[in-house]
Amino acid sequence: MKLRVRTRKLNRSLGGNIVIFILIALMSVFMLLPMVYTVSTAFKPISEIYVFPPHFFPHSPTLENFLQISLLFEGFWIPMSRYVFNTVFICTVVTLGHLLLSSLAAYPLARLNFTGRNFISSVVRLSLLFTTALMLIPQYIVMSKLQIINTYWAFILPQVQAALGLYLLQNFMLQIPEAMLEAARVDGAKEHQIYFNIVMPNIKPAWLTVMIFAFQTIWNSSGATISTTLVYDEKIKMISSLLSQVVAGGTARSGVGSVMGLILMTPPLILFICCQNQVIETMSTSGMKD
Amino acid sequence: MANPLQRRRRPLSSKAAVNLTAYGMMAPYMIPFLILTVIPVVTAIALGFTYFNMLEPPKFIFLENYIRMFLDDDVFPKVLKNTLLFALITGPVSYCISFLSAWLISEFPPSIRSIFTLAFYSPTLTGNLYFTWTYVFSGDRYGILNSLLLNLRLVDAPVQWLSDPKTMMGCLIIIQLWSSFGVSFLAFIAGFQNMDRSLSEAGAIDGIHNRWQELWYITLPSMAPQLIFSAVQQIGACFSVGQIVQALAGFPTTNYAADTLLTYMLDVGTVRFEMGYASAIATFLFLMMVFVNFVVTHLLRRFSAG
Numbered sequence: 001m002k003l004r005v006r007t008r009k010l011n012r013s014l015g016g017n018i019v020i021f022i023l024i025a026l027m028s029v030f031m032l033l034p035m036v037y038t039v040s041t042a043f044k045p046i047s048e049i050y051v052f053p054p055h056f057f058p059h060s061p062t063l064e065n066f067l068q069i070s071l072l073f074e075g076f077w078i079p080m081s082r083y084v085f086n087t088v089f090i091c092t093v094v095t096l097g098h099l100l101l102s103s104l105a106a107y108p109l110a111r112l113n114f115t116g117r118n119f120i121s122s123v124v125r126l127s128l129l130f131t132t133a134l135m136l137i138p139q140y141i142v143m144s145k146l147q148i149i150n151t152y153w154a155f156i157l158p159q160v161q162a163a164l165g166l167y168l169l170q171n172f173m174l175q176i177p178e179a180m181l182e183a184a185r186v187d188g189a190k191e192h193q194i195y196f197n198i199v200m201p202n203i204k205p206a207w208l209t210v211m212i213f214a215f216q217t218i219w220n221s222s223g224a225t226i227s228t229t230l231v232y233d234e235k236i237k238m239i240s241s242l243l244s245q246v247v248a249g250g251t252a253r254s255g256v257g258s259v260m261g262l263i264l265m266t267p268p269l270i271l272f273i274c275c276q277n278q279v280i281e282t283m284s285t286s287g288m289k290d
Numbered sequence: 001m002a003n004p005l006q007r008r009r010r011p012l013s014s015k016a017a018v019n020l021t022a023y024g025m026m027a028p029y030m031i032p033f034l035i036l037t038v039i040p041v042v043t044a045i046a047l048g049f050t051y052f053n054m055l056e057p058p059k060f061i062f063l064e065n066y067i068r069m070f071l072d073d074d075v076f077p078k079v080l081k082n083t084l085l086f087a088l089i090t091g092p093v094s095y096c097i098s099f100l101s102a103w104l105i106s107e108f109p110p111s112i113r114s115i116f117t118l119a120f121y122s123p124t125l126t127g128n129l130y131f132t133w134t135y136v137f138s139g140d141r142y143g144i145l146n147s148l149l150l151n152l153r154l155v156d157a158p159v160q161w162l163s164d165p166k167t168m169m170g171c172l173i174i175i176q177l178w179s180s181f182g183v184s185f186l187a188f189i190a191g192f193q194n195m196d197r198s199l200s201e202a203g204a205i206d207g208i209h210n211r212w213q214e215l216w217y218i219t220l221p222s223m224a225p226q227l228i229f230s231a232v233q234q235i236g237a238c239f240s241v242g243q244i245v246q247a248l249a250g251f252p253t254t255n256y257a258a259d260t261l262l263t264y265m266l267d268v269g270t271v272r273f274e275m276g277y278a279s280a281i282a283t284f285l286f287l288m289m290v291f292v293n294f295v296v297t298h299l300l301r302r303f304s305a306g
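Protein sequences appear in the order of chains A and B. Residue 1 is where the first sequence starts when you use this note's numbering, and the numbers rise one by one after that. Residue 1 is where the second sequence starts when you use this note's numbering, and the numbers rise one by one after that.
Any given hint could be a false lead.
As the list claims (entries may be wrong) - Derived coverage of chain B by chain A (criterion: at least 3 residues anywhere in the stretch with Cβ under 8 Å from a Cβ of chain A; other residues may be distant):
#1 29-37
#2 205-213
#3 233-241
#4 281-291
Said to hold, decoys possible - A partial selection of chain A residues facing chain B, derived with a Cβ cut-off under 8 Å:
#5 M27
#6 M31
#7 P34
#8 F52
#9 I69
#10 L72
#11 F89
#12 L136
#13 L164
#14 S244
#15 V247
#16 S286
Treat the hints as calculated values from the structure; they're not laboratory data. Using N, Cα and C, we set each Cβ at its ideal position, and we do this for glycine too.
Make a model of the complete structure from these sequences and hints.
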């Protein structure tokens, strides 16, 4: 006789599951509405943008908004290639730099017993509270003294030292068994060799997560106050800040603006969809224990 | 007496060697961290006691900025009230919704789970998409909400949702909530996914009858680390509400009706260049956040221990 496998979890009722599914599905629809609306507006002809009552979905979808982009891009002072270069350059330096520097710092914080470890750990944790927006004015004062306002550094430095990445890597590294590190030490490995050959290969899900978070922040922040306060020269801005200028251009341009919004949200969305499992795996070690 | 030469030949004590390695490895990160996190915070606290306009050297005026803040500034009490309103509503509500929805989502099979996770996290992913809300709350009759209400004859003229001081805060709180399922939500999702299933099975044997009892007696205590991490994230986010306000309701908003400490700080700092006063506001915000964080994490720790 075969053992019957329990399909239903304990303490769960079918009715309850259905109600919960409907509730969560409704909430998800609410969360996704702006995204769906952006996509649908991107396909609306100009005649459908000002109608009463407004159409949520276009009645006669068109690609005319997409074709307008090339017209819009022709009149720029800064060539498109410059924006592309800036985007690739800034994103590469930020994601790789952030991963390298914060993982290098996370290893001793997680696994080495040095003087001042608890103090530094708690400073890093406290700084998790201070969001980018909050730090803008204090950072602006310091950066203007250092004369790095309006340079690539103004984009790169604040993101490279983001505390969240360090915190997540530090927690993730705690999972590596001590015996593994100890064995390497007995074999005469130096700490930097342990970092490169044992720790880093074992925390690949966390690499991805940290790089995705860094990319997300830099990509999305370029539309915000940062790109007007810390950097005002168009020559060093990223594509995303160019696009978000059009998105913010108001209702008159909502067709083209939505196309831009659509392009803007695609890279972070695709990245997250591809790496969701690794991100969740990393986040499962994110808890604060003491 | 020991021979000094002999002492030099002794290897570096192991503690000193570890310290050297550790600080060597941390330096590349800690230098930018010092420059862009520690020094700015310290500078803001120091400049809070000065008059500083970026052109002349700062002039020490001790507590004058703080006196002005609480006694001489008509706008400050307003923005403080708004900040607290945003923080007290969006913080706890978003924290509870993140926790509960993550718990419910984590019960579904993996494919459904990842779709729901993506849906809740998508506002954070898509950064500037909150602009779409201007079409919903647009003040003319082409706005989605206005056209709906006009069609149902609930209102007879379009409502200026985002510029009328009466409706502004409500709309912005909804949008802020919509955008608030960030890293803390992911931490909950991950936490639930890695929960020890045998605990809930043991609970069922011990007489737990439904999922709500299970949540209270088994799930909550074992989620304490995630609860604390997410609380820190939420406190940081709910006290620095401002980006959405600035983008949707204007900078500054009508009569400062929806401005927060953050947008007011930007107004004082980047428009009026009163960096001393802006620093005092920043310091006030820092202190408030650190205090709330201390109280909340303390309570959560006490709750999970007892």
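* Asked: Out of the numbered hints, which ones does the structure contradict?
  -> 9, 10, 11
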